[in-house]
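Q: What follows is each chain in one-letter form.
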Amino acid sequence: MSTDTSTDNAASTEIAQGDSTDAAVRPRQRTAAGVFSGSVLPPLVLGGFVIAGWYGISYGLLDERRRFLLKPPHEVLAQGFLDWPTFSEMLSGLWSSTQVAMIGLVISIAIGFLFATVMSQAKTIERAVFPFMVTLQAIPILAIVPLISFWWGTGQRSRIIVCVIISLFPIIVNTLFGLQSAERGMHDLFTLHHADRVTRLRKLMFPAALPAIFAGLRISAGLSVIGAIVGDFFFGRGDVGIGQLLRRYANQLMGEELLAAVILSSALGVTVFMTFGWLQNIAIGKWHETSGGGA
Amino acid sequence: MTQVETDHHPRSTGESLAFRDIGMIFPDGTEAVRETSFSVAKGEFVTIVGPSGCGKSTLLKIASGLLEATSGEVEVDRDRLGYVFQDATLLPWRTVLGNVELLAELHGFDRDERRRLALEAIDTVGLAGFANHYPKSLSGGMKMRASLARTLTLKPPVFLFDEPFGAVDEITREHLNEETQRLFQSEGFAGLFITHSISEAVFMSTRVLVMSARPGRIVAEFDIPFPYPRSPELRFDPEFARLSGEVSHALRGSHS
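Protein sequence lines, in the order shown, are assigned to chains A and B. Counting from 1, one number per residue, gives the positions in the first sequence under the working numbering. Counting from 1, one number per residue, gives the positions in the second sequence under the working numbering.
If you're looking for bench data, these hints aren't it; they were derived computationally from the structure. Hints are supplied without guarantee of correctness; some may be wrong.
Derived lysine-lysine pairs resembling DSSO-like cross-links, with alpha carbons at most 27 Å apart [claimed, not checked]: (1) B/K61 <-> A/K123; (2) B/K42 <-> A/K203; (3) B/K155 <-> B/K42; (4) A/K203 <-> A/K286; (5) B/K42 <-> B/K136; (6) A/K203 <-> A/K123; (7) B/K61 <-> A/K286; (8) B/K155 <-> A/K286.
In this text the structure is predicted, and so the values were computed from the model without any measurement.
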């Protein structure tokens, strides 16, 4: 009697397992149509609703006099993106800001790695430096804009400095966290075999830190773009960046151009974020447990 | 700060590793080990069984120099000491081959030499074909094999095992036990093994030591007379059961 039920149970579990494995396998066999309906269609549909809503606000909510507040999408497209003189002005502004962001990010990475590496070598150093890091991070950027222009003027150098101040902290914190993430047993292994400080850093701590470093880089890369645009906003000498353009379009009530510039700025942010996701996959995707998701 | 342990070469008594009156009191006042003396000779495989937290692992840390004993001395050649950790401690960013090459790399062997040693060791533990796999794609048992291979590359005359098979399932553990006693045969090292498992201890060892609860002391000692190589069927031998029973009895006694 009891044997019967158990066999039944076993049989039904088997069937259930068969079903579940089938179900688990199916979505992995991705066809082009499957990818389209799975991951391309939903954002497209949502994007359609957003554009419809946008039209609704432009024509329904705003009367003719106030329509400059939100120009309809086709006018933004026509005047912001398809009018070559305006668009090329924006592109060169975007390029200038990109350069500032990249230079700022490279400097942040250099300073960040240096600080994190030094801090990882002794708890005392970490304890001494950390409060100042937090303080630096906590200063509202607006509060030191006057100071920066006072010391370094209002040119590209000041923009880069803003960029560095904004993007430095996540790199230091994540790199330090990563350098400290190697397991105790691995450290013991290196100790047993008399590895010196540099070997330990190079062969154990630094590779172990890579996942955290990339997490920090993705945050900081996004912040460096924000830093470049914010810096642009305040320091207008020299090259005209996208931040300067945003400011000018807003002052002159050029709604179409303003929206186009905002869209371009966010496209830059997304591109940078995705680039670092892609780099992360190349660098650690092969071995890291949880990476491999891409951008 | 007293440097009492020495690491000069063992005496000519055939002892590869000797603990003499080792005592260990941690800075927080915990007495982990008390007056412990024993030695492991060449050709011996000694296993220490004892309750959790009795200071078994502490003894290995003292032997290897990761910890310094508060009293007593250790005699062992630390330059060529094999240490197999509780976890496989494989570097996840290196392939099996890269991981197995690590120790030779740290000891400054040249590229060809360490490649040769690593491939040989990988072959010995039965991981040929997995040399280019990353640890994340290996099972727990395979990771332990890779860890064993890594230690084998230096051909250490003394092997310390710190509960290495505690995390793998029963069948895998038995396979690894068979593998380990086979390695003990072929490589001829002196082994000191720490475990909770009585059958693991009796199956592999020439001698089993029972340690008491903290502070740990050796309270019983059993010679295991079975000849090597030992077959899996040994586990069903009445004599095996009798010895396991005796060890178990001593272990229970040490708990109270």
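Q: Where does the structure disagree with the numbered hints, that is, which hint numbers, in rising order?
A: Per hint list: 2, 5, 7, 8 violated.
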